[in-house]
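Given chain R, work out where chain X should sit, using these hints.
Chains as they are written, first to last, in UniProt numbering: chain R, 1 to 438; chain X, 1 to 149.
Because the hints were derived from the structure by calculation, they are not lab data. Treat the hints loosely; a few may be bogus.
Partner residues aside, some chain R positions facing chain X, computed with beta carbon under 10 Å [what the hints assert, rightly or not]:
#1 Ile68
#2 Asp69
#3 Phe70
#4 Pro72
#5 Tyr230
#6 His270
If you want the ones that stay clear, here's a sample from chain R, every Cβ over 12 Å from chain X, calculated [as the list claims (entries may be wrong)]:
#7 Ala60
#8 His89
#9 Asn175
#10 Arg300
#11 Thr303
#12 Lys308
#13 Asn333
#14 Arg372
#15 Trp374
Beta carbons: idealized from backbone N, C-alpha and C, even for Gly.
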Amino acid sequence: MCLCVHIWTSWVNGTLQMVPVDSETFYIYGMASFPSGHFCSRNWDGWLCWDDTPAGTSSAQFCPSYFIDFDPTEKATKYCGEKGQWFRHPDTNRTWSNYTACNANTKEKLKSVFILYYMAIVGHALSIASLLISLAIFFYFRSLSCQRITLHKNLFWSYVLNSAITLIYLIAVVNNPDLVGQNPVGCKVLHFFHMYMLGCNYFWMLCEGIYLHTLIVVAVFAEEQHLHWYYLLGWGFPLVPACIHAVARKQYFDDNCWMSVETNLLYVVHGPIMAALLVNLFFLLNIVRVLVTKLRDTHRAETNMYMKAVRATLILVPLLGIQFVIFPWRPENRLVGEVYDYFMHILMHYQGLLVATIFCFFNGEVQGTLKRQWMQYKTQWGQRRRDHCSMRSTSYTATSITEVPAFMYHHECNSEHLNGRNSEDSELVALKTGETYA
Amino acid sequence: MRKAEGAAVPRQVYIALLVACQCVCVLGCGPHYEYAMEEFCLARFKLDMLEVEQSHWCHWDETLEAYSELTNCTFLVALKMGCFWPNRLVDDFFIRVHRDYFHDCSLSGRMLKDPPNRILGPFIMVPVMVTLLMTALVVWRSKRSEGMV
Chain R
1 MCLCVHIWTS WVNGTLQMVP VDSETFYIYG MASFPSGHFC SRNWDGWLCW DDTPAGTSSA
61 QFCPSYFIDF DPTEKATKYC GEKGQWFRHP DTNRTWSNYT ACNANTKEKL KSVFILYYMA
121 IVGHALSIAS LLISLAIFFY FRSLSCQRIT LHKNLFWSYV LNSAITLIYL IAVVNNPDLV
181 GQNPVGCKVL HFFHMYMLGC NYFWMLCEGI YLHTLIVVAV FAEEQHLHWY YLLGWGFPLV
241 PACIHAVARK QYFDDNCWMS VETNLLYVVH GPIMAALLVN LFFLLNIVRV LVTKLRDTHR
301 AETNMYMKAV RATLILVPLL GIQFVIFPWR PENRLVGEVY DYFMHILMHY QGLLVATIFC
361 FFNGEVQGTL KRQWMQYKTQ WGQRRRDHCS MRSTSYTATS ITEVPAFMYH HECNSEHLNG
421 RNSEDSELVA LKTGETYA
Chain X
1 MRKAEGAAVP RQVYIALLVA CQCVCVLGCG PHYEYAMEEF CLARFKLDML EVEQSHWCHW
61 DETLEAYSEL TNCTFLVALK MGCFWPNRLV DDFFIRVHRD YFHDCSLSGR MLKDPPNRIL
121 GPFIMVPVMV TLLMTALVVW RSKRSEGMV
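Next comes chain X alone, as it looks inside the complex:
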């Protein structure tokens, strides 16, 4: 159901875009491009993201489609307006989208990094210390079992 609706909306959007673009094309890739992106692409993306629970915004499986649509849309708008894609305005646009929707997504296995040294240090030093203690214990106990302390 959603997919059918989704398929219908961009067509209307793009037709409107075509009409609008005839007027603004000549004005180039300035604020009009930004406005076009906000009006046509971001609005659609906002609707899509409303359908996904806010706690699931960081789940790539659920948001990938909407995000792809958004990217595709900015590309088509750029194409229609004769702008090179990607460009600085698109970058800024996506930074804003990321700040609004994905600002608190954790790395969760994508770019894995070691924990900071204050955590890594104890994780390594504790087993080493326990090893040395255990060795000392075994040496001491085998001494004692000889009856020679």
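Only chain R is shown next, with the shape it has when bound in the complex:
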């Protein structure tokens, strides 16, 4: 076992740089066992400690992080010759370790990192834009309002806030090594809120799943639920993992601005999130099971409607969750690793856009409402033009005709109020409109 004293680094620009590597290790001769046969003896080359290496083999370890242009994921190597002597560089005839791989590809990697960085910023900006548009649609069209849409609104808000905080974090902290070096308390507070909003995102998804489960499996399309507990789970509970993470981080892994992702303490936040996603998936599969087996014959119309509602959530949950499953498994190969990076970044930073698209823009009901509104405007503009030709009398009847269908529409939310009262009517309407629900 090779343990080294951390006293020196190289002579950098003619001055001695002192960089403690690991203050608790000591170079101890004769206490560890020596291997048999020819070997090169352990030594310190000024940057790294090299263990006893058998003759004729190469020893490799990760590059140190002392220098800005050294990549700690690359490997430095040192070759031990046949006779048990470390490799000597032909020019100087002194023992020499190969650190060339550490800064060989730094420029390309930096470029790639910047591309990913800008991709992340664009992703979050697009997410915020699409989510705000969706929220505007939900708030403007009162006819869409119901409990499920209320949950959607809260979900969208949590995504908007998450993207906003991530954007601030990316722009102010990640791209600013001076600030990270100064390590102000503010950036740790920002990180805390970042973890909190991340939790909120996934717990609101869980709320959606629980709501659908209660609605379909437990209460079978019964009346409105009290949403207080959902608000508690979605906004209040994520404080718990975020606080525990902050405490643990401060106590055990207090790096600058808590930026490092090399710590298992991140699982304090990611663990509950994964649990929430698994529970959500279980609930949704249970709903599908119930819808397909038990309710198909008795409540055909509503079954179709709810199947489509569940389908959207069922698509989203694995998509949101898969990043946590593959996050620890970055491939070693450089090309595959780059593909992995791009894939993960798209998955992580374009989520808001995905959620807004699936829950709002692809929602048939929303599309129907928007189409109606557009037709209404078109007719109104058409009428206004014809007004100039003084045909005022026709305008009133035209607008009232286009408005009426909006109130007659039974969409999935109002079916809660129906409660089996006008089952025939609802079935008729449902058959007409069934294909438009997402």
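Below, chain X without anything else, positioned relative to chain R:
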């Protein structure tokens, strides 16, 4: 004041060293090198460290200067004696210095490590359990609000 004194002392030390080295140089990098290091470098370092409070010995900002001086001094002694620097004797010397002065310095943010599993485990499992409990609670409460238990 201290800096001026500090600047004065090494010069005298190095002059004495030059004289001494003329005699011992020919004897090479054995125990004489060790003796030279102890006499000239360690003595100076001990004085420097006395000026820093013992509780502050682990504060790198306060001890860096003395430590640099010590390292520099061992290098110059090696140079004068025609020894290659660094070498095994220097290693042993610094191990002794570390054992005497820096043996109980904590990592304090330099090489960060995760806490041991017996601490990490509960930190992760407790939020997960609380999550599952909270979910069960919400499901139960929304069931009850329907009036269907």
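Evaluation of the provided hints:
1. This hint is violated: Ile68 (chain R) has a C-beta 18 Å from the nearest C-beta of chain X, more than the 10 Å allowed.
2. Checking Asp69 (chain R) against chain X by beta carbon gives a least distance of about 21 Å; that is not within 10 Å, so the hint is violated.
3. Of the supplied interface hints, the one on Phe70 (chain R) is violated, with its beta-carbon coming no nearer than about 16 Å to a beta-carbon of chain X, more than 10 Å.
4. Hint on Pro72 (chain R) is violated. Least Cβ distance to chain X is approximately 13 Å, over the 10 Å limit.
5. Among the interface hints, the one on Tyr230 (chain R) holds; its C-beta lies about 7 Å from the nearest C-beta in chain X, closer than the 10 Å criterion.
6. Among the interface hints, the one on His270 (chain R) holds; its C-beta lies about 9 Å from the nearest C-beta in chain X, closer than the 10 Å criterion.
7. A cut-off of 12 Å between C-beta atoms confirms that Ala60 (chain R) is not in contact with chain X; the least separation is 20 Å.
8. With a least CB separation of 16 Å from chain X, His89 (chain R) remains clear of the 12 Å interface cut-off, as annotated.
9. Annotated as non-interface, Asn175 (chain R) keeps its C-beta farther than 12 Å from every C-beta of chain X; the closest such distance is 22 Å.
10. No beta-carbon of chain X is positioned within 12 Å of the beta-carbon of Arg300 (chain R); the least distance is around 23 Å.
11. The beta carbon of Thr303 (chain R) is kept farther than 12 Å from every beta carbon of chain X, the shortest such distance being approximately 19 Å.
12. Listed as a non-interface residue, Lys308 (chain R) keeps its Cβ farther than 12 Å from every Cβ of chain X; the least gap is roughly 22 Å.
13. For Asn333 (chain R), the shortest C-beta to C-beta distance to chain X comes to about 27 Å, beyond the 12 Å cut-off, and the non-interface label holds.
14. Once the 12 Å rule is applied to beta carbons, Arg372 (chain R) is consistent with being away from chain X; the minimum gap is 33 Å.
15. With a minimum CB-CB distance of about 37 Å to chain X, Trp374 (chain R) clears the 12 Å threshold, and the non-interface call stands.
In terms of the numbered hints stated before, the structure departs from hints 1, 2, 3 and 4, listed from lowest to highest.
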